[in-house]
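For the sequence shown, this note's numbering gives the first residue as 40, with consecutive numbering after it.
Bear in mind the hints are in silico, worked out from the structure with no lab data behind them.
Note that the Cβ used here is the ideal one computed from N, Cα and C, for glycine as well.
Treat each hint with caution, since some may be false.
Said to hold, decoys possible - FRET-style restraints, in silico, Cβ to Cβ:
hint, residue 1, residue 2, range
1, MET272, ASP163, 47 to 53 Å
2, GLY168, ILE403, 38 to 44 Å
3, ASP285, HIS414, 43 to 49 Å
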Amino acid sequence: MKDTVRLGAGSGFWGDAMDPAMELLEKGALDYLCFDFLAELTMSLLQRQKLKDPDSGYVPDAVHTMNAMLPLARERGTRLISNGGGVNPRSAARKIVEHAQATGLRGTRVAVVEGDDVLGKLDDILASGLTLANLDTGDEDFASIRARVVSANVYTDSAGIVEGLRGGADVVVAGRVSDNAVYVGPLAHEFGWTGDAAHVDRYAAAVTMGHIVECAAACTGGMSSRFDEMPNMGRVGFPIVEFRPDGTADITKLPGTGGRVDLFTVKEHLVYEIADPTRYLMPDAVADFTSLTLSESGPDRVTVRNVRGKPAPDLLKLVIGYQDGWIGESLAFFPWPRAYDRALKARDTMMERFERLGLKAEQIHFDLVGLDTLHGPAAPRPARAQANELNEIGLRCAVHARTREEADKVRRAGAQLWIMGPGGTSFGAPLKPRPVISLWPTLVPREFVKQTTDIITA
């Protein structure tokens with residue numbers, strides 16, 4: 040058993056920068072480099088891609104990144120783990136294996152972790168008597184969306200990742216495991232944890248470390264309320280976890296990189312996207328964030344101790360994506376003088392056009408860009424005279440409609456402001472209608488989820 044396992048955070052989302060991860064691989068002496076590519080909506084988007092092309096459905100960045108890093112990772116003995124397989128981890132794994140064969144890296148072992156996709160099991164789940172009540176709204180009328188469902192993925196635990204590592208995988212490609220499972224898996228493998236009571240607190244500690252670092256730069260100065268204090272964020276260092284057998288760990292980053300690791304940056308992300316801090320529910324364990332202690336143990340180094348937890352829950356989160364109509368948008372800008380009056384006049388003109396065009400909308404929404412786009416009705420509205428002295432104001436209109444044809448009327452009405460609207464109106468490129476995938480979060484017993492792990496060798 041190792042005295043310390045070193046894990047690097049390779050990405051926090053689909054589209055994250057690759058150079059900080061490559062720097063970790065080059066200089067970090069890592070045992071594992073872990074990548075989180077998925078968000079709640081990502082699975083539905085990937086499922087739509089797979090319906091068009093059965094060979095797609097994975098995160099393209101995940102394959103590109105693994106391929107770029109594989110030669111150095113093999114040389115350094117660093118194993119790569121990601122959830123970038125999306126709804127088609129097997130296809131992603133094949134792409135990586137093909138690249139390894141083509142670049143002389145024969146013998147590379149790529150593990151495929153599947154089992155989170157329960158789209159084909161929904162009828163069986165419903166037949167068992169489960170209502171699949173919506174966690175956000177309490178709505179039990181799942182039948183109202185059943186015909187429009189495009190994806191159904193369960194947040195699964197790290198067991199499949201552990202199996203792949205025990206099988207000698209150099210790369211693990213998973214689907215919708217939990218974000219922190221890509222960190223929990225390597226630790227469970229290295230330290231030989233099992234699901235018995237003796238290892239509950241260790242799993243909880245691993246879940247906590249994974250939670251803190253899973254968004255990469257978000258715990259080294261990114262997204263911080265103290266953003267103006269964070270140095271050199273353009274070359275930020277992604278975090279490193281040094282995890283010990285007793286469940287304690289250090290969070291740090293490479294010397295000389297941008298950003299910062301201190302109590303504040305770690306605490307900021309510790310409380311990110313949580314509900315009850317005493318019961319942080321994850322598929323591998325339930326962590327109690329109120330039990331832990333944090334201390335600064337050196338420059339850009341925070342030590343985490345005393346994490347306590349409870350066994351893994353019997354119910355797992357299931358996120359179902361369903362088709363929910365279309366969004367149409369338009370965006371125009373209005374200059375000083377009287378920018379505010381121009382924007383309001385344009386809004387009234389668009390509403391008249393909607394009436395003339397016979398728009399059938401589920402919802403019509405206007406934003407005054409520069410005044411209330413982010414804060415909405417909570418934004419204080421300046422006096423009219425003051426608002427009219429602003430250099431410019433934008434008007435965004437968004438409409439939720441049942442069909443593409445109805446949603447496209449927003450683009451047309453917005454473009455017609457060119458001549459019908461106030462003088463000085465300016466536009467960007469017209470915005471095409473886009474389909475809406477809404478999410479229905481619910482819970483499902485573990486018995487409906489069967490993870491599988493296969494290994495493909497280059």
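Against the structure, the hints come out as follows:
Remark: the range hint 47 to 53 Å for MET272 to ASP163 is upheld by a beta-carbon distance near 48 Å. The beta-carbon spacing between GLY168 and ILE403, approximately 40 Å, falls within the hinted interval of 38 to 44 Å. Take ASP285 and HIS414: their Cβ atoms lie about 46 Å apart, and the range 43 to 49 Å holds.
Going down the numbered hints, you'll see the structure goes against none, and every one checks out.
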